[in-house]
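Engineer: Here are the chains, one letter per residue:
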Amino acid sequence: MDILKQISENLRGGNDKKVLEFTKLAIEQKIPPKDILDDGLIAGMDTVGKLFKAHEIFLPDVLLAAKAMYSGMDELKPILIREGIPTIGKVVIGTIQGDLHDIGKNLVGIMLKGAGFEVIDLGNDVSPEKFVERAKKENAKVIGMSALLTTTMQGMRKVIDLLNERGLSGEIKTIIGGAPVSEEFAREIGADAYGYDAASAVDRVKKLTREK
Amino acid sequence: MKKLLERLKEGEILVADGAMGTMLMKHLEAGECPESVNLTHPEIPEEIAGLYFDAGADIIQANTFGASPLKLSLYSIEHKTEEINRNAVLAVRRVVGNRAYISASCGPTGRLLKPYGDTEPKDVYNSFERQIKALIDAGVDVICIETMTDLREATLAIKAAKNISPSLSVMATMTFDSTPRGFYTIMGIDIEKAASGLEIAGADIIGSNCGNGIENMIKIAREFKKCSDLPLIMQPNTGLPKLQGNTPVYRETPEFMAEKAKELIASGVSIVGGCCGTTPEHIRAIRKMVDSLSIGRRLTQMNTEKWQN
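Residue numbers (full-length UniProt numbering), protein chains in the order written: chain A, 1 to 212; chain B, 1 to 309.
Please note: incorrect hints may appear among the correct ones.
Once the Cα atoms are required to be at most 25 Å apart in a straight line, the calculated BS3-like pairs of lysine-lysine come out as [said to hold, decoys possible]: (1) A:K53 - B:K114; (2) B:K242 - A:K53; (3) A:K53 - B:K80; (4) A:K158 - B:K26; (5) A:K18 - B:K80; (6) A:K17 - B:K242; (7) B:K219 - A:K53; (8) A:K67 - B:K122; (9) B:K159 - B:K80; (10) B:K26 - A:K130; (11) B:K114 - A:K67.
Here are the computed distance ranges between Cβ atoms for each label pair [to be verified]: (12) A:K77 - B:S196: 40 to 46 Å; (13) B:D118 - A:D197: 20 to 26 Å; (14) A:Q29 - B:S178: 21 to 27 Å.
By construction, these hints were calculated from the structure, which means they are not laboratory data. Note that the Cβ used here is the ideal one computed from N, Cα and C, for glycine as well.
Construct the entire structure; sequences and hints are all you get.
Structural biologist: Below, the structure is given as structure tokens:
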């Protein structure tokens with residue numbers, strides 16, 4: 001089997017040692033690092049995302065696959081940087097102030113990384129100022145916000161208002177997600193996109209970053 | 001007061017209370033630990049307990065869902081574990097005395113166990129052990145391990161409770177999503193695995209909480225019934241909220257829930273309560289329904305038993 005396919009299939013199976021081994025082998029064999037990334041690691045995580053969405057696999061499988069992806073990524077990253085291959089963009093993510101539910105946000109982070117984005121995870125209970133300041137500092141293209149509580153979802157509006165106030169809303173796009181949130185709510189508060197689940201969040205972020 | 005399990009064995013249907021979190025929210029500052037009110041404003045959990053007790057709940061929950069030291073450490077107040085848990089139980093006790101059972105909620109630690117995450121099972125066990133010990137010292141009547149998605153974590157919590165006090169009643173409920181292939185927790189546990197796993201771990205009462213509305217819960221209850229003879233508890237939420245203008249509204253009304261709760265009971269559920277979005281009004285409606293059923297039900301049951309004998 002070709003090496004890149006080995007990488008993606010072992011990644012799907014959550015075998016971090018094999019993913020690392022084949023990534024090293026691919027680098028040794030002078031396969032272009034961009035191909036290792038796209039057709040090996042990202043391709044593998046893409047399959048994982050699809051299977052998860054279809055409920056064919058569950059969170060534990062995704063977590064193990066993510067670990068495997070990181071093991072390959074750690075090996076590949078210095079080479080990507082050295083060769084000046086840019087990531088497809090930076091995304092700042094976090095759970096909105098007052099909210100401590102982070103399974104959804106973590107999943108989105110994993111899937112975004114799996115799709116080749118650089119992810120800055122601000123964790124739980126993130127204030128509007130922190131979202132905006134960090135996104136500006138990191139030159140991020142997108143802010144992703146998650147809320148699980150109806151009481152905290154209103155905080156998303158504050159982040160968007162703050163971006164507007166500082167004249168950053170064209171530069172930094174926003175996407176929201178979480179159980180109580182909807183497409184309708186996203187429109188209502190002026191978010192640029194809504195992610196129904198982790199996989200569709202990644203599609204939307206890709207679209208947002210292409211728009212610019 | 002008669003033992004909870006004895007009443008269930010006799011075929012009685014009991015009503016548990018409704019949501020704590022969504023009731024507490026209006027009292028909390030953004031970013032505040034929901035269990036810290038037990039220390040700063042014990043009158044708040046007291047008031048909520050009073051509302052549910054007046055609504056007719058037989059089982060009232062203490063505000064301890066996130067009061068395991070692992071969870072409290074997110075707010076750097078794990079050193080207050082004992083005080084927070086004790087205060088929560090005492091707040092309910094002041095209101096209900098011995099007229100209702102105090103159930104202490106034990107929610108997930110929020111950590112992922114190895115190999116999926118970085119947490120050792122022993123640390124999770126120790127965390128539950130410390131919380132549950134404090135609850136038992138404060139005189140809790142039943143431990144309610146809930147909103148679990150990882151069967152291993154639920155098992156560790158049940159074992160911690162039973163190792164400290166084998167005679168203490170333990171309820172354990174998991175949260176399922178509806179998928180095209182059936183009900184699974186996000187960690188991939190189906191109902192058959194949940195029912196047998198929780199029973200083997202030593203739970204006395206098993207079931208499900210949260211999720212997405214009472215109609216799913218009826219299906220979940222039927223599957224549980226097929227897999228276990230233990231008494232069942234079901235605590236549905238009021239469905240996912242829908243936006244009305246600016247305000248999120250939970251869709252399932254007290255009347256709707258009480259009507260549907262009849263089907264839960266018909267499926268063999270012994271304890272009906274509520275999760276996110278339920279209010280004292282939901283519990284009042286369920287109480288009324290249960291009272292209207294109970295006489296009829298007891299008669300039918302006696303007849304069935306007669307026939308079976």
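Engineer: Would the pair B:K242 and A:K53 pass a check requiring their Cα atoms to be no farther apart than 25 Å?
Structural biologist: Cα-Cα ~23 Å, so holds.
Engineer: A:K18 and B:K80 were given as a pair; does the straight-line alpha-carbon distance stay at or below 25 Å?
Structural biologist: violated, 45 Å
Engineer: For a C-alpha distance cap of 25 Å, please report whether A:K53 and B:K114 respect it.
Structural biologist: holds, 23 Å
Engineer: Does the Cβ pair B:D118, A:D197 satisfy 20 to 26 Å?
Structural biologist: For B:D118 and A:D197 the Cβ distance comes to about 25 Å; the hint holds.
Engineer: Does A:K130 sit within 25 Å of B:K26, going by the straight-line distance between their CA atoms?
Structural biologist: This hinted pair holds, its Cα atoms lying about 24 Å apart.
Engineer: Taking 25 Å as the top limit, are the C-alpha atoms of A:K67 and B:K122 close enough?
Structural biologist: Between A:K67 and B:K122 the Cα gap is close to 22 Å, so the pair holds against 25 Å.
Engineer: CA of B:K114 to CA of A:K67, is that 25 Å or under?
Structural biologist: holds, 12 Å
Engineer: Quickly compare the C-alpha distance for A:K53 and B:K80 to 25 Å and report which way the hint goes.
Structural biologist: violated, 40 Å
Engineer: For the range 21 to 27 Å, tell me whether the beta carbons of A:Q29 and B:S178 fit it or not.
Structural biologist: Taking Cβ atoms as reference, A:Q29 and B:S178 lie about 46 Å apart, which means the hint is violated.
Engineer: Just to be sure I understand the hint, the distance between the Cβ atoms of A:K77 and B:S196 should be within 40 to 46 Å; is that true here?
Structural biologist: Distance hint for A:K77, B:S196 holds at roughly 44 Å.
Engineer: Mind checking the alpha carbons of A:K17 and B:K242 for me, to see if they're no more than 25 Å apart?
Structural biologist: violated, 45 Å
Engineer: When you check the alpha-carbon spacing of B:K219 and A:K53, does it fall within 25 Å?
Structural biologist: holds, 22 Å
Of the numbered hints listed earlier, those contradicted by the structure are 3, 5, 6 and 14.
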